[in-house]
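Chemist: Line by line, the protein sequences give chains A and B.
Here the first sequence stands for residues 1 to 371, where the numbers follow the numbering used here.
Here the second sequence stands for residues 1 to 371, where the numbers follow the numbering used here.
Heads up, some of the hints might be wrong.
Heads up, the list lumps identical chains together, so a pair's fine if it works in one copy or across two of them.
Listed below are the simulated BS3-like cross-link pairs for lysine-lysine, each with C-alpha atoms no more than 30 Å apart in a straight line [to be verified]:
#1 K92 x K143
#2 K314 x K143
#3 K143 x K327
#4 K238 x K109
#5 K109 x K314
#6 K143 x K109
#7 K109 x K327
#8 K92 x K314
#9 K106 x K238
#10 K238 x K314
#11 K238 x K327
#12 K143 x K106
#13 K92 x K327
#14 K327 x K314
Treat the hints as calculated values from the structure; they're not laboratory data.
Note that the structure is a prediction, hence the values are computed from the model and not measured.
Number of protein chains: 2
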Amino acid sequence: MTRRVFNFSAGPAVLPEPVLRQAAAEMLDWQGTGMSVMEMSHRGREFMSIHARALADLRELMAIPPEYKVLFLQGGGLGENAIVPMNLMGPKGLADIVVTGQWSAKSAKEAARYGRVNVVADAARAGRGYTFVPPQSEWALSKDASYLHVCTNETIDGVEFDGPPAQGDGPGEVPAGVPIVADVSSHILSRAIDVSRYGCLFGGAQKNIGPAGLTLVIIREDLLGHAHPMTPSVFDYKLVADNDSMYNTPPTYAIYLSGLVFQWLRAQGGVAGIEARNVEKAALLYGAIDASGLFENRVERRWRSRMNVPFFLKDERLNDAFLAGAKDAGLEQLKGHRSVGGMRASIYNAMPVEGVRALVGYMQDFERRHG
Amino acid sequence: MTRRVFNFSAGPAVLPEPVLRQAAAEMLDWQGTGMSVMEMSHRGREFMSIHARALADLRELMAIPPEYKVLFLQGGGLGENAIVPMNLMGPKGLADIVVTGQWSAKSAKEAARYGRVNVVADAARAGRGYTFVPPQSEWALSKDASYLHVCTNETIDGVEFDGPPAQGDGPGEVPAGVPIVADVSSHILSRAIDVSRYGCLFGGAQKNIGPAGLTLVIIREDLLGHAHPMTPSVFDYKLVADNDSMYNTPPTYAIYLSGLVFQWLRAQGGVAGIEARNVEKAALLYGAIDASGLFENRVERRWRSRMNVPFFLKDERLNDAFLAGAKDAGLEQLKGHRSVGGMRASIYNAMPVEGVRALVGYMQDFERRHG
């Protein structure tokens, strides 16, 4: 008997059930070829068609302008913390970074090995943890940075940008010539993102896209070709772009799975359709937390992530009982990140609203019993 | 209806059918957890158990000594062409490399970006292509190299070492203090390899192990900790080793699949059992080629790969007819690498002897009809 739970893991994370069913059905024989997708040469006609369709669907879903390349890489978001500066530091050798949580803090640390780093703002300095995005008017922006790095959704801290930084020639704006790089690992495809406002977007696949082991980079063509000479060839964006992500053997099965997720997303009404559902899911969960006397979320309302909802029990002695009861109710992987404690519910695209309703129902019941 | 062909792809390549069946059956619900392995947190108890078992089975299959670490990485064999020198060049800054085919040639080229490279021998210089391993007595070995690099099975050229280079204080031997690094991508687990003779073994998984997107590194502990400061953290062998390959999110599903392959291999009698079958398969195919007037393999007999068998039709005008007839007979992906032309049959562990018999039968029939 197949059992399914509601899985709130922060990543690797829940995938759409129809996608898993199709992958299972096609495991031994993809469309009459007599081969699993895992067994296909990446240069064969069959896999090339899978690759091309995944790419085309992603471009359509995100309305990626033609002057942007989409790269399928390996190494995850953490890998990109090094690969981005290797490719984009260039002769200026200066990265501006906004620190809004643990991921951007890590990015700043790693980038410092490839050039100078200017932390233009660090939310933690205010003394209330990573609970907000510092106002752009207070960012100490450089005039001539190689790029500005932001993490537009902090998976651990649950802090999400509500739009791209303002860019232009006005005071406090990111100078027009400085490309904005965004780590979108944990909210890509969950909301409309205006790609044209960024020089480069990147993310590990294992939250809103597919299995771990695939990294996506979306980059404006004029930023290619400036890699540091020590950049490994397989991570030189220009080489990868010139070879349509086939410079080395790509993670073929992860690309296939991601392609199935893109098809599923199109059937959900694309990004607009899923965004409406994500807004509804987030409203349900934050609403229940705010109405409760037992649970709390500490992020400023404007900056609350729609994807990752960290919350705490005001009586932490109840944590274990909460998790054990959740497990019994088929609500899995709710334990908070080890660095912050408490709970975290990740409610990515593939989490159905029924899962959020079940969680809210369990929380209310738990509070009645223990409140 | 599920159809299966005999798939001779050089990689990604055929996987054992029982492994694919199990993966399909467990796709939505791994052992009653209600989650696909793809959906599990890499730090959760369930995936940790999958990871630990895969590691233990691999250690047992290869009899890996305790002073060696096994790392699960990303980026494939080509990625390691950069990551190995970044980790192992150290202050000596000199890599000795034996070039026996296109893979080691690529490794030499990439390593030259991280230090000096001494090509101690290059089979191509003899003017008869990559058809043999130059005798070790002729290698121009450095006295004080950071490491010696060999590719012990050349996937494209079909040239395989029959054992590790001799090491010691005698003339022509690799100096005792120089670690030997071997790219074993395309023959790992296909034959006994004495790990203790090497400082480091590495390979992409997509030939004899599992799906593309996983890279294996087996490294002696004393070689850890000398990475160049520009090495991306996720590829710093010491950091990865200290974190049990969980420094970043590993390619979890590829590790799971590889673990199933390890279990299957144990059921085949381990490496000794599969090696006996590989010897039989190679003898069948090379025997048929050598007995034929139409087909030829150009590699010196001693150095013929048991895994990758390139062969040519003496009348190349028959190539298309050969491939079309093969496809009709359910024999897939036999076209040779684009750089060498002709045909190539990769007969990895998961290729049953029936597949080789079917190929040999087809070749004999084709020769009767066209010879």
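Chemist: Tell me the hint numbers this structure goes against, listed in increasing order.
Modeler: Per hint list: 2, 3, 5, 7, 8, 10, 11 and 13 violated.
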